[in-house]
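**Student:** In case you want the letters, here they are:
There are 2 protein chains.
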Amino acid sequence: MTKETISNEFKLLQTSICSGLEKMDGTASFQSDTWERSEGGGGRTNTTANGTIIEKGGVAFSAVHGPVSQVMKQQLGLDGDAFFATGISIVIHPSSPHVPIIHMNVRYFELDNGTYWFGGGIDLTPHYIVPENAALFHKRLKAICDQYHAQFYEKQKPWADTYFHIPHRNESRGVGGIFFDHLSEDSSSLTKKELFDYCKELASNFVSIYSEQVHLGKDKSVSEEQVRWRDLRRGRYVEFNLVHDKGTKFGLFSGGRTESILMSLPPLANWHYDYHPKANSDEETTLRYLSSPQNWIVI
Amino acid sequence: MTKETISNEFKLLQTSICSGLEKMDGTASFQSDTWERSEGGGGRTNTTANGTIIEKGGVAFSAVHGPVSQVMKQQLGLDGDAFFATGISIVIHPSSPHVPIIHMNVRYFELDNGTYWFGGGIDLTPHYIVPENAALFHKRLKAICDQYHAQFYEKQKPWADTYFHIPHRNESRGVGGIFFDHLSEDSSSLTKKELFDYCKELASNFVSIYSEQVHLGKDKSVSEEQVRWRDLRRGRYVEFNLVHDKGTKFGLFSGGRTESILMSLPPLANWHYDYHPKANSDEETTLRYLSSPQNWIVI
Chain A
424 MTKETISNEF KLLQTSICSG LEKMDGTASF QSDTWERSEG GGGRTNTTAN
474 GTIIEKGGVA FSAVHGPVSQ VMKQQLGLDG DAFFATGISI VIHPSSPHVP
524 IIHMNVRYFE LDNGTYWFGG GIDLTPHYIV PENAALFHKR LKAICDQYHA
574 QFYEKQKPWA DTYFHIPHRN ESRGVGGIFF DHLSEDSSSL TKKELFDYCK
624 ELASNFVSIY SEQVHLGKDK SVSEEQVRWR DLRRGRYVEF NLVHDKGTKF
674 GLFSGGRTES ILMSLPPLAN WHYDYHPKAN SDEETTLRYL SSPQNWIVI
Chain B
424 MTKETISNEF KLLQTSICSG LEKMDGTASF QSDTWERSEG GGGRTNTTAN
474 GTIIEKGGVA FSAVHGPVSQ VMKQQLGLDG DAFFATGISI VIHPSSPHVP
524 IIHMNVRYFE LDNGTYWFGG GIDLTPHYIV PENAALFHKR LKAICDQYHA
574 QFYEKQKPWA DTYFHIPHRN ESRGVGGIFF DHLSEDSSSL TKKELFDYCK
624 ELASNFVSIY SEQVHLGKDK SVSEEQVRWR DLRRGRYVEF NLVHDKGTKF
674 GLFSGGRTES ILMSLPPLAN WHYDYHPKAN SDEETTLRYL SSPQNWIVI
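Protein chains in written order, with our numbering: chain A, 424 to 722; chain B, 424 to 722.
Hints may contain errors.
Claimed, not checked - Below, in silico cross-link-like pairs of lysine-lysine (DSS-like), each with a Cα-Cα straight-line distance of 30 Å or less:
(1) B:Lys-701 <-> B:Lys-496
(2) A:Lys-669 <-> B:Lys-669
(3) A:Lys-669 <-> B:Lys-434
(4) B:Lys-672 <-> A:Lys-496
(5) A:Lys-496 <-> B:Lys-643
(6) A:Lys-669 <-> B:Lys-672
(7) A:Lys-672 <-> B:Lys-669
What the hints contain is simulated information worked out from the structure, not anything from laboratory work.
The following block holds chain A by itself, in its conformation from the complex (with noise of 0.2 Å):
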């Protein structure tokens, strides 16, 4: 299982989403975009825009190396002179508020020291929150963590709950997911290579398991107003990822390829100066779901 094995999966891994992604829009198509690192390695990042589902979409795969940086040192607390990294990222901005924003990510982390782990996570951000479809992608996440851990899905969803909350809203980002790093043979009782398929099992059903969700959603009619809260929402996400989201600040302030990292961001958003939905709307139900984690597989 070398550094080289793992990345080359992953890459090829990139381009069977993409594939998927573009089968289950109908009408959007990645262009891919290859940059390189003057440190070491470099990246694909796949995009695509203004699809009949997908508004803006990206699927980003990097493999990158080079001396552990006074940065990395410092954040990470990492204790070794080079590293290795390689993973795959997608966020997916659907244009329909009744299709939920996705993401995934799945990476590799190795130092020259020996070290190794895994860390990654998948999580589901409805504009409108409707519990049995968060249950259908819980159950759905909880079936592929029990094939390799009895306390993989236990574990993994409170975290994505803590990672995914926007302190200074008091709110949830979505309906949260997995979320999980420094996954290694130490942490777990899984060898390496279980490890491996597992964020390779979650990469394989990331398009099916979207999918579901977009199905559940997308013949729905959309008002005006719909609209305008999709994109208040998506202000939201912009708030978390630019103010809270570690992977995003970290990539900023050490130096990482802007435009690989901001591909999270949405197309559109919003913001309107303390907006508050009228009472016992859809609008204010999502709220009072996201105002606290949800146990939503027993709802």
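Model the placement of chain B on the given structure of chain A, informed by the hints.
**Tutor:** The following block gives chain B in isolation, referenced to the frame of chain A:
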């Protein structure tokens, strides 16, 4: 020169600035939102939307006090147990791409150990940079600075260039202006009264300075491409404020009032993956000006 006098005068300035902006706009009307802070003090946030010139604007006053928290001690290095802070903050997002975004802030801070200082600044963010208009803006600021201190402009202009810089884009936020902090009798040769007069002079001239800029652009015809560019530039404004602006970050992380802090965000912003303007276009010219700080007055 008590803290009560200072905050009362700031509050009066907020009212006169709002009347001045309403007159300038023609149809805009500010709504007042008064709030209290549980730890002590409060504020009045005045906002307007969908005027003739101003698409979204806020003029916020606050006067807050209380114990110096751990976050304040760590992030601001404060050497006291209790603080008092008062100020006015303005951000105006105009609808025309040919009218610049403007920001102004004047503030006063004191600690129970007897130390105090003034801070603030004013800066302009044109969607399309016109060097003559930037020069006019800087001449107006320099004229005010020169009335108070021969070195204010010389020191505060580059301070704004440093402060309003977007490192991850390697771009200036706009054409800059002036920025100052920790201004006191000790750090300048001026009395407390003179420093307060300087802050008031900036605030009193705000509407006149902005009106000049508005009149230079408001009647220019607007194409769809220019609106799209305006929204991309607004996206950069969001990136600066949420990723880099020390005031915004401190406010959000120290439990400030989110809606008043994020009043600075535009009504709508756009992101497109890796957008580059056409060669020799007005958009490209603007990016060229933003690539390094300019000495606008001699241009």
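**Student:** All hints are to be evaluated individually against the structure, with a verdict given for each.
**Tutor:** Here is what the structure says about each hint:
1. B:Lys-701 <-> B:Lys-496: Roughly 48 Å separates the two Cα atoms, so the pair is violated.
2. A:Lys-669 <-> B:Lys-669: holds, 17 Å
3. A:Lys-669 <-> B:Lys-434: Violated: Lys-669 (chain A) and Lys-434 (chain B) sit about 38 Å apart, past 30 Å.
4. B:Lys-672 <-> A:Lys-496: The hint holds at about 23 Å.
5. A:Lys-496 <-> B:Lys-643: violated, 52 Å
6. A:Lys-669 <-> B:Lys-672: holds, 14 Å
7. A:Lys-672 <-> B:Lys-669: It holds: about 14 Å lies between the C-alpha atoms, which stays within 30 Å.
Consistency note: the structure conflicts with the earlier hints numbered 1, 3, 5.
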